[in-house]
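There are 2 protein chains.
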Amino acid sequence: MPDQPTTTEDLAREAATGREDRPWEELLRLADDGRPQSLPEFLDELSTADQALALSRLDDRQRQQMLAALPAETAAEWIQSLTEAQAADVISLLQADTAAAIVHELPSDEQADVLGDLPTAQAEAILDALPREEADAVRELTSFADDVAGGLMIREFLKFSDQMTVAQVIEQLLANEAEYSDLDVWYGYVCDADERLIGVLPMRNLLFVKRSARVRDIMISNPLSVTETMPLDDLVEFFDSHAFLGVPVVDAEGILKGIVHREAVDHETVRAAESDYLKSQGIVGGEELRTMPVWLRARRRLSWLSINVLLNIGAAAVIAVFQDTLQAVIALAVFLPIISDMSGCSGNQAVAVSMRELSLGLIRPTEMLRVWWQEVSVGLINGAALGVLVALVAVLFKGNGYLGLVVGVALFVNTIIAVSIGGTVPLLLKRLGFDPAVASGPLLTTVTDMCGFFLVLGLATMMLSKLL
Amino acid sequence: MPDQPTTTEDLAREAATGREDRPWEELLRLADDGRPQSLPEFLDELSTADQALALSRLDDRQRQQMLAALPAETAAEWIQSLTEAQAADVISLLQADTAAAIVHELPSDEQADVLGDLPTAQAEAILDALPREEADAVRELTSFADDVAGGLMIREFLKFSDQMTVAQVIEQLLANEAEYSDLDVWYGYVCDADERLIGVLPMRNLLFVKRSARVRDIMISNPLSVTETMPLDDLVEFFDSHAFLGVPVVDAEGILKGIVHREAVDHETVRAAESDYLKSQGIVGGEELRTMPVWLRARRRLSWLSINVLLNIGAAAVIAVFQDTLQAVIALAVFLPIISDMSGCSGNQAVAVSMRELSLGLIRPTEMLRVWWQEVSVGLINGAALGVLVALVAVLFKGNGYLGLVVGVALFVNTIIAVSIGGTVPLLLKRLGFDPAVASGPLLTTVTDMCGFFLVLGLATMMLSKLL
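Chains as they are written, first to last, in this note's numbering: chain A, 1 to 468; chain B, 469 to 936.
For the record, the hints were derived by calculation from the structure and aren't laboratory data.
Source: prediction; values computed, not measured.
Just so it is clear, CB atoms sit at the ideal spot from N, CA and C, and this is done for glycine as well.
Hints are not guaranteed to be accurate.
Ranges of calculated distance between the beta carbons of each label pair, as one might list FRET restraints [unchecked claim]: (1) Asp192(A) / Ala593(B): 32 to 42 Å; (2) Glu171(A) / Glu835(B): 46 to 56 Å; (3) Gln795(B) / Gly433(A): 40 to 50 Å; (4) Asp903(B) / Glu195(A): 47 to 57 Å; (5) Gly433(A) / Ala536(B): 39 to 49 Å.
In the DSS-like style, the derived pairs of lysine-lysine whose C-alpha atoms are separated by at most 30 Å in a straight line are [what the hints assert, rightly or not]: (6) Lys934(B) / Lys210(A); (7) Lys398(A) / Lys466(A); (8) Lys159(A) / Lys934(B); (9) Lys725(B) / Lys866(B); (10) Lys934(B) / Lys866(B); (11) Lys257(A) / Lys398(A); (12) Lys159(A) / Lys210(A); (13) Lys627(B) / Lys678(B); (14) Lys725(B) / Lys210(A).
Selected chain B positions facing chain A (in silico; Cβ < 8 Å) [claimed, not checked]: (15) Asp708; (16) Leu746; (17) Leu794.
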């Protein structure tokens, strides 16, 4: 064991070692040693990923203790390294007063995100402990969904009057430097006496003008802005079309409410893509982290599984109808799961391409016929290839060409059905207002299973005399 | 039919209507009417999504014709609205000279991305048609993977000497304003005589100093930088920890090679998340768009399907071993696909949570035992719930309690197996250097199918006398 570290360098070295390995143990050791004052320093040494990791490995009592021991500002920085679900989980452990002190240090968009994920009573208790004006602002932000401009905007921005001179602007910037250095201040926003947005002032432009110039003469007039309800897709489109770092958000009266930064839009886009992946795999009730209570995790997963098991039982009922055929030609039972699984695979590929083309804007939800045709052409080729392969296996297995014919034709036809459904179902769901990432998979599997079982066993029943 | 539009407003109005509906038809009409000079104007009216849509709906001959008719700058803007796969596809249609003129207008990181996706011979032909110095620069960038700093950086940046005064810097900015307005110029980079990076100069800071001040006195010395080979994960971590818009990239000698912008990192992160989704659904050979040739799409999908069909046949072989049991208790055949599908669902949920926790850094690839234990607890609960449900269905279906016992116990045990494998396989694959998004699904399905079939039919064989 090395000696107790005494200098900052020692602590940093120790932190670097702890980081490799188990940062949360080092955290506990520092807290238990009665050196909570060295905690902020140690946290600072950790990467944001390791900060999140460390917090996730503490139990509830330890988290409570640790956050209460930290200055609110450091605690707020720690909280910001977490996902929203984690952050809300941690905040919910704290007394309303302690929580409010930490929430107070968060940027306004994150305040709204965290409080929006808490139970209402707890969120209200924390809001009551915040300064009145701040609480009102957060209440307004939480009234918007996370993925519209109102939910993505921050309320901290530089505001100038159009009557100011450049010298006055620079003076104001210098006087508030400490406060602004936390923001990414690249633009100033110019409002009239009624708080209506009338101009934007890129800070860089101040370099090229005389200090006596007036803001109204050098600002960009009639600036582009977005409404509070603009959805994420349109914001993505906006930032794709314009090389801006941020865009002002105005209400119906043209009053400036906040700024949506490009970065916030990019982060929400990542979240949406990750969420589509999770939903397609059956994680649908919200983000799951394995540090959440077992019962919650089990219940959320089960709500999805129980719908699927019912759909599955429905599809398998087709097999029960054909029991006599199956009993006569038991080899068919080997091929039923193969046809079910492979049709699922082919159909899921088509679902994925449709989801991708929808998100790129390359197909419209109304173009089902176009997509269907493009899928059928691929389905014909791949269905033929898979059908021949499975037919060959069947012939080798039982030496009966008719068995090969039955399973081969069934897989060929069912592949075409699977890609047709897989390609068009996301478009249909989107048109009907459902989430295609959640519902496409189960719908696809159920229909292709039913069709697959029906094809294999129906064809076999028709050709029963040749199969015996 | 409205009259031919003659003014810009008419064109804009017409464009706004065309946009609602079929922008590519309007494009073709403008080109065919012999009004190619109005094309850039019309394109400008379209959103980037509609630009991409329009180009995707033209056939190869039309694309060729359209791009050749446009000024290279407009064509380059159009190309930038496309995904990389589309962009390379379109560029590959053009003569090397025409292509080079368009590539010349792209930012350096996109030049490298597009040429990197072309066949080597074609890329070389275009490089030969570019100015020598530019071609060398692009060759250097294409030598890096898309998702490391060298592949994400751009080579256009503001460079100053540390000996310059603020007045000289502002003079240089003003003299090159047109050129710089295309870049997002928020920082200048300061190099010594050997091109080594020695400082960073936030443009905003120039506001607060005298014009006679020297760059070396007001720059941030010893600035943070990254290496050309820094992977995406580390860049994400860097921008999470630092509120910068960009970071300089230096080689082993400290020579400044380019700048990675936060935006490029965010975009690559979205791409990675979307790519994980596509891969998990079996789209693995690169991005598929339905405008690609049918044979290419079929071949790529089939390469994935053919591996799966072989794994599937292997798993189904377990059923063949137990044919006699199955023939004696044909009702079991109804439950085999249910147990296979449901285990797949449960396992995929566990895969998704592991993928998510890996990407958040909340588990390490070595922590398999920890993850296994957290999955078993959920598997016990959900396996019990699903097992009881399926057992009840079996009892209702055949009136035989032992049949219910067999399928219920099999699904209970197999759910635990499925979540154990689903939770740990992504960690194992990552440790072994494989891509967990591609390989987790097929591995999971194969093992759980085999175990599921074995459990149902093995238990049934043991209790055969009770089931008859």
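Here is what the structure says about each hint:
| no. | hint | result |
| --- | --- | --- |
| 1 | Asp192(A) / Ala593(B): 32 to 42 Å | violated, 57 Å |
| 2 | Glu171(A) / Glu835(B): 46 to 56 Å | holds, 55 Å |
| 3 | Gln795(B) / Gly433(A): 40 to 50 Å | holds, 48 Å |
| 4 | Asp903(B) / Glu195(A): 47 to 57 Å | holds, 52 Å |
| 5 | Gly433(A) / Ala536(B): 39 to 49 Å | holds, 43 Å |
| 6 | Lys934(B) / Lys210(A) | violated, 97 Å |
| 7 | Lys398(A) / Lys466(A) | holds, 13 Å |
| 8 | Lys159(A) / Lys934(B) | violated, 82 Å |
| 9 | Lys725(B) / Lys866(B) | violated, 73 Å |
| 10 | Lys934(B) / Lys866(B) | holds, 13 Å |
| 11 | Lys257(A) / Lys398(A) | violated, 73 Å |
| 12 | Lys159(A) / Lys210(A) | holds, 20 Å |
| 13 | Lys627(B) / Lys678(B) | holds, 20 Å |
| 14 | Lys725(B) / Lys210(A) | violated, 35 Å |
| 15 | Asp708 | holds, 5 Å |
| 16 | Leu746 | holds, 5 Å |
| 17 | Leu794 | holds, 6 Å |
The structure does not agree with the numbered hints 1, 6, 8, 9, 11, 14 stated previously, though it agrees with the rest.
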